[in-house]
Each structure stands twice: as C-alpha cells, then as structure tokens.
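> Here are the chains, one letter per residue:
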Amino acid sequence: MIKFLKLYEKIGIFILIVIAGVFLAIASPNFLKTDTILNIITQGTYGAIVGFGMVLAITSGGFDLSVDAVVALTSVFLSILIPNIGIPSAIIISVIISCCVGFLNGVIITKFGVNPLITTLSMATIIRGVSLLIANGKQIPISETRFSVIGTGKLLGIPIPIYIMVALFIIFYLLLNQTSLGRHISAVGSNESAARISGLNVTFVKIMVYVLVSFTASINGVIRTSQAMIGIPSMAPGFTLLVITITILGGTSLSGGKGNLIGAVFAGIFISMIYYGLNLIKVEYFYQLLSVGLVLIFALFVDGLRKRYLEAARIKGIKV
Amino acid sequence: MRYAKIAFIAVVCLVLILTVSFLGCKKEAAVEGGGMAVTTYANASDITIGFSLWTMQFTFFQNVEKGVKDACEDLGFKYVMIDQNSDATKMVQDINSLVGQKVSGIVVTPVDPGAIGPAVENARQNGIPVVCADIGKSGPINALMISDNFKGGQLAAEFLASKLNDTTKPLGLGNLLPQWTYARQRGEGFLAKALELGYDVAANIIVQNPSAEGGFDTMQQILSAVPDVAGVYFCSGREAVGAAQAIQASGKDILSVGYNGDPEEFQAIKDGVLNATILQEPYFIGYRSVEILAEILLEGKFYENVEVPVDVKLVTPENMDAIAAEILKKTGNSAFPE
Amino acid sequence: MDDFRFRKVKQNLGVFWGNFGLPLIFIIIVVVFSLSNPSFATRYNILSNFGFAAYVGIAAIGMTFVIMTGNFDISIGSMLALVAVLGSSFMPKTGGVIGVLATLAIACSLGFINGIFVTKLRIPAFITTLGMLFVFRALAFIYTNNVPVYISDRFWLYIGNGKLFGVIPFPVLLMGICYLAAYLVLRKSPVGRYIIAVGTNARAAALSGINVDNIKILVFTLLGLFVGISSIVNSANQGAANPGLMGQNFEFQVITAVVLGGTALSGGNGSLGGSLIAALIVTFLGNGMGLMQVNSYWQLVATGLVMIFAVSLNKLKFYLLGQGEY
Numbered sequence: 010m011i012k013f014l015k016l017y018e019k020i021g022i023f024i025l026i027v028i029a030g031v032f033l034a035i036a037s038p039n040f041l042k043t044d045t046i047l048n049i050i051t052q053g054t055y056g057a058i059v060g061f062g063m064v065l066a067i068t069s070g071g072f073d074l075s076v077d078a079v080v081a082l083t084s085v086f087l088s089i090l091i092p093n094i095g096i097p098s099a100i101i102i103s104v105i106i107s108c109c110v111g112f113l114n115g116v117i118i119t120k121f122g123v124n125p126l127i128t129t130l131s132m133a134t135i136i137r138g139v140s141l142l143i144a145n146g147k148q149i150p151i152s153e154t155r156f157s158v159i160g161t162g163k164l165l166g167i168p169i170p171i172y173i174m175v176a177l178f179i180i181f182y183l184l185l186n187q188t189s190l191g192r193h194i195s196a197v198g199s200n201e202s203a204a205r206i207s208g209l210n211v212t213f214v215k216i217m218v219y220v221l222v223s224f225t226a227s228i229n230g231v232i233r234t235s236q237a238m239i240g241i242p243s244m245a246p247g248f249t250l251l252v253i254t255i256t257i258l259g260g261t262s263l264s265g266g267k268g269n270l271i272g273a274v275f276a277g278i279f280i281s282m283i284y285y286g287l288n289l290i291k292v293e294y295f296y297q298l299l300s301v302g303l304v305l306i307f308a309l310f311v312d313g314l315r316k317r318y319l320e321a322a323r324i325k326g327i328k329v
Numbered sequence: 134m135r136y137a138k139i140a141f142i143a144v145v146c147l148v149l150i151l152t153v154s155f156l157g158c159k160k161e162a163a164v165e166g167g168g169m170a171v172t173t174y175a176n177a178s179d180i181t182i183g184f185s186l187w188t189m190q191f192t193f194f195q196n197v198e199k200g201v202k203d204a205c206e207d208l209g210f211k212y213v214m215i216d217q218n219s220d221a222t223k224m225v226q227d228i229n230s231l232v233g234q235k236v237s238g239i240v241v242t243p244v245d246p247g248a249i250g251p252a253v254e255n256a257r258q259n260g261i262p263v264v265c266a267d268i269g270k271s272g273p274i275n276a277l278m279i280s281d282n283f284k285g286g287q288l289a290a291e292f293l294a295s296k297l298n299d300t301t302k303p304l305g306l307g308n309l310l311p312q313w314t315y316a317r318q319r320g321e322g323f324l325a326k327a328l329e330l331g332y333d334v335a336a337n338i339i340v341q342n343p344s345a346e347g348g349f350d351t352m353q354q355i356l357s358a359v360p361d362v363a364g365v366y367f368c369s370g371r372e373a374v375g376a377a378q379a380i381q382a383s384g385k386d387i388l389s390v391g392y393n394g395d396p397e398e399f400q401a402i403k404d405g406v407l408n409a410t411i412l413q414e415p416y417f418i419g420y421r422s423v424e425i426l427a428e429i430l431l432e433g434k435f436y437e438n439v440e441v442p443v444d445v446k447l448v449t450p451e452n453m454d455a456i457a458a459e460i461l462k463k464t465g466n467s468a469f470p471e
Numbered sequence: 002m003d004d005f006r007f008r009k010v011k012q013n014l015g016v017f018w019g020n021f022g023l024p025l026i027f028i029i030i031v032v033v034f035s036l037s038n039p040s041f042a043t044r045y046n047i048l049s050n051f052g053f054a055a056y057v058g059i060a061a062i063g064m065t066f067v068i069m070t071g072n073f074d075i076s077i078g079s080m081l082a083l084v085a086v087l088g089s090s091f092m093p094k095t096g097g098v099i100g101v102l103a104t105l106a107i108a109c110s111l112g113f114i115n116g117i118f119v120t121k122l123r124i125p126a127f128i129t130t131l132g133m134l135f136v137f138r139a140l141a142f143i144y145t146n147n148v149p150v151y152i153s154d155r156f157w158l159y160i161g162n163g164k165l166f167g168v169i170p171f172p173v174l175l176m177g178i179c180y181l182a183a184y185l186v187l188r189k190s191p192v193g194r195y196i197i198a199v200g201t202n203a204r205a206a207a208l209s210g211i212n213v214d215n216i217k218i219l220v221f222t223l224l225g226l227f228v229g230i231s232s233i234v235n236s237a238n239q240g241a242a243n244p245g246l247m248g249q250n251f252e253f254q255v256i257t258a259v260v261l262g263g264t265a266l267s268g269g270n271g272s273l274g275g276s277l278i279a280a281l282i283v284t285f286l287g288n289g290m291g292l293m294q295v296n297s298y299w300q301l302v303a304t305g306l307v308m309i310f311a312v313s314l315n316k317l318k319f320y321l322l323g324q325g326e327y
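Protein chains in written order, with the numbering used here: chain C, 10 to 329; chain S, 134 to 471; chain P, 2 to 327.
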C-alpha cells in the first residue's frame, strides 16, 4: 500500500490519463488515432513547457503570473526581427530579451522586497503594454515559411514541440536534481531564512528562477508564433491560469520546496486531453469548464488523502 | 458589553439609512418618456465628443477609433477617448466619467453591451446623446450602428457551398467564446444558411484561446473530430489565420473563411493560405457614429433607438485588390499589414 | 549617542510611514491628476470614483480577512458572476429587499462551501478556489444558458446607482458601513482576535482553545458575503448580470488591493484601512489616466509601474523600522 502511494505521488495523474483515455476511446471513434493522440500530446506540451519554469518558481516559494505577457513579447519580437536578421538570430535575441523580463522580476522581488504575486502581475501589465507599444498595436504576419517548421514540423512522425518538451524536461530534471542550483532552489523554497543563514546566495537563486520561468515562457512563445505565423501583442490571454493549473495538478506543493516536473508533463497532457476529448464528443464548453474544475478539486483531494495516510503511517512508526 | 452596544447602534443606523434611501429611491423614479431633451449647439467648436472604446489592442477597434477621431477632426469637434481595457466595470466608470467631463455627445463601443444600461441612462438624463458604435446596446439609446453579423455568417456558408458544390461534404465551425454574446449571430447565420443549403456542420467547436494560436489548436481538434472536413469558418480573423496555418501543416485541401477583414487576413488571402473573409467596416462605423451625433447636436434631428445596419462583404482572392483599393481610398489605411 | 538618535528618528519615520505612507501616495496621485486636468477634481468625478471603488473595495474586506488567516481565494471573480446571475434571476419573483437578502445568503453559502472544502476536506485554499474558479463560472453559464439577466428591480438598481440626497453615490455609503462593521469585528470583538491568532500561528491558536477550522470557515463565509455585496453593486452599475463577462480578473484586482494595502500574504495582522485606500488608488489611477488622455498602451505600463512602486514604498517602513529583510 505504502509503495503504491509513493508511486502515486509521481504518476497519479497518469492514472487519470488512462481512465480518461479509456472513456474517450469508447465514446469517440476518432480518439484512438495516431494524429489525434499526437495532437493531444502536442497541445499538452505548451502548458507543460512553461509548467517546468513554474515548478521551479513554486518550488522556490515564489510565483510567476507574467508568463502570458512574456509569450506575447516573444511573439512580437520574433515577428519584427525575423525579416531583418534571419530566423536563428531572431529566436536567440527574442529569447534573451524575454529572459531579461525574468531578470527584472527577480531583481524587483529580491532587491525591493515586493511580493512575487504583485511583482509578476504588475510586470504582466507592463510587458503587455510594452509589446503593444513595440508592435504599435498591430499584428504582424511572418512570411518566412521555414520558420513554421518549429511548431508544425515533424521528425520521424512526431511533432517537433514534443522533442522540445522532452529536451527541456531532461534539462530541468538534471538542473533540479543534479546541480547545486537545483538543491539551492529547494532549500530556499522550504526555508528561506535557514537557507540565508547557511550562506546561500538567496538573491542569485531567486533571480535565476525567474529568468528560467521567462525562458520557458519565451520557448513557448517561439513554438506558438511559429504555428500561427503571426506576431500578436495580445497573444495567449489566460495562459497563466492554465500553467498554474497544470503545475498544481502536477503535484507541485504550493508551500514550496518540492517540485514535480514529470507531474507537470502528465498534467499538461491531461488538461489538453479533457478539452480536446470533450470537443471530440461534442460536449458543450460550459461543461468542459465544469469538468476541469471538478477534476482539479477531486485529484487534489485524493492527493491530500494520500498525504494524510502516509503521515498517519509515519506516526505509527511504519517506515515510509 | 460595549461591543454589543456599538454593534446595536450600527445596526440601527444601517436600518435607518436603508429605509431613508429606499424611500428616496421610490421617489426618484423618473418618468420614462419617448426620447430625451438634447441641447443643440450653434458652433461645431463648442462640441466635445467622448468616445469609450472596448480596447485598443485589436485592429478592428483601432479602426473604429480612427473613424471616430477622423470624423471629429473633419467636423471640427473636440475629441476625448477612454479605453475600457476589455473591462465592463471600467466601461461603466468611463461613461460616467465622460458625463462628468460634460462632453456633448458620447460614442461607445461597449465590451459588454448588456451592461451599459444605467450608465447610458445617466448620460441621457444629463442631456448627452449616446450612439453605440457596433457590438450592441441595452436599454434606450439614440442610435446603434451594427454590423450585420448574421448576414456575415450566411455569406461564409454561401461561399463554402459555392466552392464545394457537394452537400455530402461536412463543414466545420470555429465559434467564439460564449461571453461575446453580440457576435453569436456570426455562428448562427452560418449554421442557418448551411442547414438551408443542405450541408452538415459536423464540428462546432469554441475557440477556447481567442488568439491565432488558439485557432490553430481548434483547427487540429476539428480535423480530429471530422477527418474529412472540407470547409471551415472561423468567427474571428485572428483565429482564422491560425486555423489556416494548421490546415497548411496538415497538408489537406480544406477551404477556410475568416471574419473581420483585418490586415493579416488580407495578407493570408494574398498568400493563398486563407480562402476568404467577411469584411466589416469599422472605420465607417466610427465615422458615421459621429456624423449621427453631429446631426443630433447641430441640427436637432430626432434619433431614438435607431438601428443602422452596416453591410458586410465577402472578400475573395478575386475581388481582394479592388476592395483593398477602396478601403485605402475611403480610410487612408492600407488593407494589408505595413 | 548620535547613532541612537538617528535610529530613533528612523523608527519614528518608519511608524509615520507605516501609518500614513499609503494615504500620502493616494493624496499625491489625486493632487497630480487634479493639477493636470480640471475635470478630475470635480465633486461629481471624485464622488463617482469613490462609488466605483466599492466594487473592489468591499470585496477587499473579505479578502483581507482571508489573507490574514494565511489563506487565499482566487474564485471570487467567478463567484461574483454566479451570485449576480442567481440573485438577479430570483429578483422578479421575490422582489426588492428579500431578493437582496437571499442573494447575500447565496453568496455566503458559496463562501461557506469554499471554507468547508478548505478545512474539512483539507484541500489547500489555493487549489480549492482554483477549482471553484472553473466550477462557479461554468455553473453561471449553465444556469443562464449564457443569456445575460437584465435587472429591473428598482431597489437592486438603487444599491449601485442611487444617490443619497442626490449627491453621494449609495455604494460609497455601503462601503463605509461595510468597513465600519468589519473594523468593529476585527478590532473590538473576540472574533477579530481569533482571526489574527489563527493567521499568526494556527497551531498556537488551536492549543489555546480556538477552533481554527470554524474561524477559517467563518472568514470564507464573510468573504462570500462581501463578494455578494460587491456583486450586487456591480450588477446594479451595469444593469445586468452577465455570466461570462462579470468579474473578469476581479480576483487579482482584489488581491492586489489587499497586498498593496499592506496585508502580508503569509498571514497575521492586516490592515483594513490599507485595503480601502489601495482600492481607491487603483480606481483613481484608472480614471485619472483616462482623463489625461494617456495612450492606452502607456496606461498599461504606467499602471504596472505604479503598483510595483507603491508596494515597494510600502515596504520602506520595514526598512526604516529595521524589521526583517525589508
């Protein structure tokens, strides 16, 4: 039982995916097709990629509400830069500019002591305004067709965004579990003053975290822009909420210190599966919203039960 | 004990105030008559037009704004604009603040047409005529300029039918988020016409993320739900452009129609990505709204709940250049992205 | 000796800034706007802004309580819409006062449900309310089938649009009463002490005999009540209840106001007055920039900058008082 519960912590969402998959396979003849499943996974990667960054932010005890604006900023810069300096340098420069947003977030949070929620929320407003100013309120189509490969291309029959997600997952997994920065992030998240006393450079760790969040958001911006082939300053409305939902559903604890990256992947796929699948079987939008909310509450209620069971077992003296 | 006393006094005060104010409100009920008293002006230069706009973030509304602004310049009015920032609460606040500035007439493009009632009533009680520039209205206003969204949807269905010429082929619809109730008719017109022509709209999916990349996602969903879909219609231009990209990526030959006539759609039609779009006339809507106010304020002409339907047009690769030239001539705006 | 005196001065400054910093920022904003635009400082404009501040301001009271106990509620935007559509659709049957009271009862029960989920099912508040954000919105859509409910009841409309003696908007009075009542609850009643105790240290509070769960349920119910009042004011302002468009971004506006007002998200003591002034700052800022004809894109940038600036100024007191890592 305990073993199962330990496993459930890592892959609990996977069980939900299987249940939902079986249900949808019965309900819709179009569900069990390679294309559909690949599309669902691809649409899951968008949230999951930024989810990686958000996992780090929440692990470090912070929060980032500016990701949707960063996606838009990246998209605007890409659309302006690509005709002028070519695709690769345009991507690099836009990503670097977006990382600067994260840097600013980090500096304001650590140096001015402003609460991360307010900082990133205000920053989202500022960045939206800046994107609109840069694009002069216009939407800028991109005519360089080669650019669309990133978002829509396939390698060995698998869409490229999936490869990008896997690569980022490996990088972030190693970062969180194998490097000193990763350990410091957890340390800062579980007890900031203790981390400070033991000599950690908390400021640096936090700034790095926000830079990484913006980095993931800008990667998402690159993928999305290459799919839509247009730079939109009002891109990705409401995306932050999706990312937070995915991160939380993925099992990252809001109290900080414990991140779950693989959970974010599964949660991303699961959320995309709900919307995609319910659209396949023609469920009305209202009921889609309802089911996302109920699933969220239910999944985390079960997770809470699991934690309490483990806690009780620990008190009884069973080795957990 | 002291606490209980204070609480008691507070409750008594509350009840008293509520009673007094309720009595006040009974008395205040004004007589609802037909029309309103408008002060007319002799000089155009004394007139200030206040404009409350949904948001400056979308091309459509930018063009409405340009129309209003140009009209004010041409007619010699002063011009004040407040951006609602897509927030219905701010919209109400903005209209009230325009009343406070004692503007002569108000043009409003409401984010929530259902929510302008009391604010417009307040403006009209102060003798300020109100014209809604597109979207819709609630309660009495002076005039409403409204795009014929139902016809737009019908045009899209007719276009797809004429190109496909085969009623066995299924169609797809990328609908708008449910809160944008005003534009529901774009989808309804399409569904009605498709039914009339004998086509089956096999997928009717709401674009959950109202942006180009959201259209891309929804198109993938339509392709999964109806693998042999032959034509799709998206109720918003940005979404249609994204959807057209998804069609290209899938390598299938599917007709796509958008709505709005934004520059990126013209570009997409030119590039052969999108097949057609329904053109609205935001500039004209804005311009004409001010002209109506001018008629009311300068000539004292009577306008009460007048609905001015604004025609929509189908833009195809064939007539695209002619329409673009016409837009350039009328508005000074290029129909294509700069 | 000099060092000591310097510290004393610094401390006094800190206390002063802690008490008057935010009002000062508010006054500066009002003065700047009054100087730049003659139609800003008119009685009508100032009063109607106070009225519109009630939308965020009243709900901020409840949110202050909830945040003081170390919790969080991001479902209030959806709750606002659900309460408005439910209440306004009962209205024609029940009529004025009863309808309003019933609406408030519904609002309380929605908050109560949140509270039960948080305490009895032990789902963290953020997650519960994140789920409820979807659920409430979906229920509002389903209940109305996405048709806005128009409000014709005169009493209901009066709450949002009425003017006392033809001058003072009724929401201003309502907001005043709410703040007065909340102040009495927080500072003069045992309940207030319990709330603060739970927020400061829940375990210690439990050990000293306070029923922590009940206090948490109470604050969520209170939040529901205040959101209900905001909801009535807002839907009356708009003359209709729209299931999809009401309360968009409301949760973040309210949380911003509370945090700007100086209540720490980690819980503990909070400042009701701060929340009120923060709500006023947000409202006046939007109105003033509109009057000044600031380009809408720059408005976004300026709003964000002012928020960050105001919160960091608010933190100045910790620096001056030498508390914490400012």
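Honestly, the hints are just simulated from the structure, not real lab data. Quick caveat, the model's predicted, so the values are computed rather than measured. Note that the Cβ used here is the ideal one computed from N, Cα and C, for glycine as well. Mixed in with the good hints, there may be bad ones.
Interface residues of chain C toward chain S, partial, derived using beta-carbon atoms under 8 Å [claimed, not checked]:
hint, residue
1, 38
2, 39
3, 45
4, 93
5, 96
6, 146
7, 157
8, 172
9, 191
10, 236
11, 250
12, 289
13, 292
Derived pair list, reagent style SDA-like, types lysine to any residue, alpha-carbon separation capped at 20 Å [claimed, not checked]:
hint, chain 1, residue 1, chain 2, residue 2
14, S, 199, P, 293
15, S, 235, P, 40
16, S, 199, P, 295
17, P, 121, C, 267
18, P, 164, S, 303
19, P, 316, C, 116
20, C, 291, S, 303
21, C, 120, P, 307
22, S, 385, C, 23
23, C, 120, P, 15
24, C, 267, P, 295
25, P, 318, C, 291
26, S, 202, P, 307
27, S, 385, C, 120
> Each hint: holds or not?
Status of each hint after checking the structure:
1. Given hint, residue 38 of chain C at the interface with chain S, is violated; its Cβ is 10 Å from that chain's nearest Cβ, farther than 8 Å.
2. At its closest, the beta carbon of residue 39 of chain C sits 5 Å from a beta carbon of chain S; the interface hint therefore holds under the 8 Å criterion.
3. Interface hint status for residue 45 of chain C: upheld, as the beta-carbon distance to the closest one in chain S is roughly 4 Å, under 8 Å.
4. Hint status for residue 93 of chain C relative to chain S: violated, with the closest Cβ pair at about 14 Å, above 8 Å.
5. Using the Cβ-Cβ criterion of 8 Å, the hint placing residue 96 of chain C at the interface with chain S is not satisfied: the shortest such distance is roughly 16 Å.
6. Interface restraint check for residue 146 of chain C: the shortest CB-CB distance to chain S comes to about 6 Å, inside 8 Å, so the restraint holds.
7. The interface hint given for residue 157 of chain C is met, as the beta carbon of that residue sits about 7 Å from the closest beta carbon of chain S, less than 8 Å.
8. At about 16 Å, the closest approach between the beta carbon of residue 172 of chain C and any beta carbon in chain S exceeds 8 Å, and the interface hint on this residue is violated.
9. Interface hint status for residue 191 of chain C: violated, as the beta-carbon distance to the closest one in chain S is roughly 31 Å, over 8 Å.
10. For residue 236 of chain C, the interface hint holds, the least distance from its beta-carbon to any beta-carbon of chain S being 5 Å, beneath 8 Å.
11. Given hint, residue 250 of chain C at the interface with chain S, is violated; its Cβ is 11 Å from that chain's nearest Cβ, farther than 8 Å.
12. Look at residue 289 of chain C: its Cβ gets to within about 5 Å of chain S, closer than 8 Å, so that hint holds up.
13. Proximity of residue 292 of chain C to chain S is violated relative to the hint, the smallest CB-CB distance being about 10 Å (cut-off 8 Å).
14. The hinted pair formed by residue 199 of chain S and residue 293 of chain P meets the criterion: a straight-line CA distance of about 19 Å does not exceed 20 Å.
15. In summary, the hint linking residue 235 of chain S to residue 40 of chain P is supported, as the alpha carbons are separated by about 9 Å, within the 20 Å threshold.
16. Between residue 199 of chain S and residue 295 of chain P the CA atoms are separated by roughly 16 Å; this keeps the pair inside 20 Å, and the hint holds.
17. The straight-line distance between the Cα atoms of residue 121 of chain P and residue 267 of chain C is roughly 24 Å, outside the 20 Å bound, and the hint therefore fails.
18. With a C-alpha separation of about 57 Å, the suggested pair residue 164 of chain P and residue 303 of chain S falls outside the 20 Å cut-off, and the hint is violated.
19. Proximity of residue 316 of chain P to residue 116 of chain C is assessed by CA-CA distance (about 15 Å); at most 20 Å being required, the pair is judged to hold.
20. A hinted pair counts as satisfied when its Cα atoms are at most 20 Å apart, and residue 291 of chain C with residue 303 of chain S qualifies at roughly 15 Å.
21. At roughly 17 Å between alpha-carbon atoms, residue 120 of chain C and residue 307 of chain P fall within 20 Å of each other, so this suggested pair holds.
22. With a C-alpha separation of about 33 Å, the suggested pairing of residue 385 of chain S with residue 23 of chain C is violated against the 20 Å cut-off.
23. Of the supplied pair hints, the one linking residue 120 of chain C and residue 15 of chain P holds, its CA atoms being roughly 19 Å apart against a limit of 20 Å.
24. In summary, the hint linking residue 267 of chain C to residue 295 of chain P is not supported, as the alpha carbons are separated by about 44 Å, beyond the 20 Å threshold.
25. Between residue 318 of chain P and residue 291 of chain C the alpha-carbon distance is near 56 Å, which puts this suggested pair outside the 20 Å criterion.
26. Proposed proximity of residue 202 of chain S and residue 307 of chain P is contradicted: the alpha carbons are some 29 Å apart, above 20 Å.
27. Distance hint between residue 385 of chain S and residue 120 of chain C is unfulfilled; the C-alpha atoms sit about 54 Å from each other, more than 20 Å.
The structure does not agree with the numbered hints 1, 4, 5, 8, 9, 11, 13, 17, 18, 22, 24, 25, 26, 27 stated previously, though it agrees with the rest.
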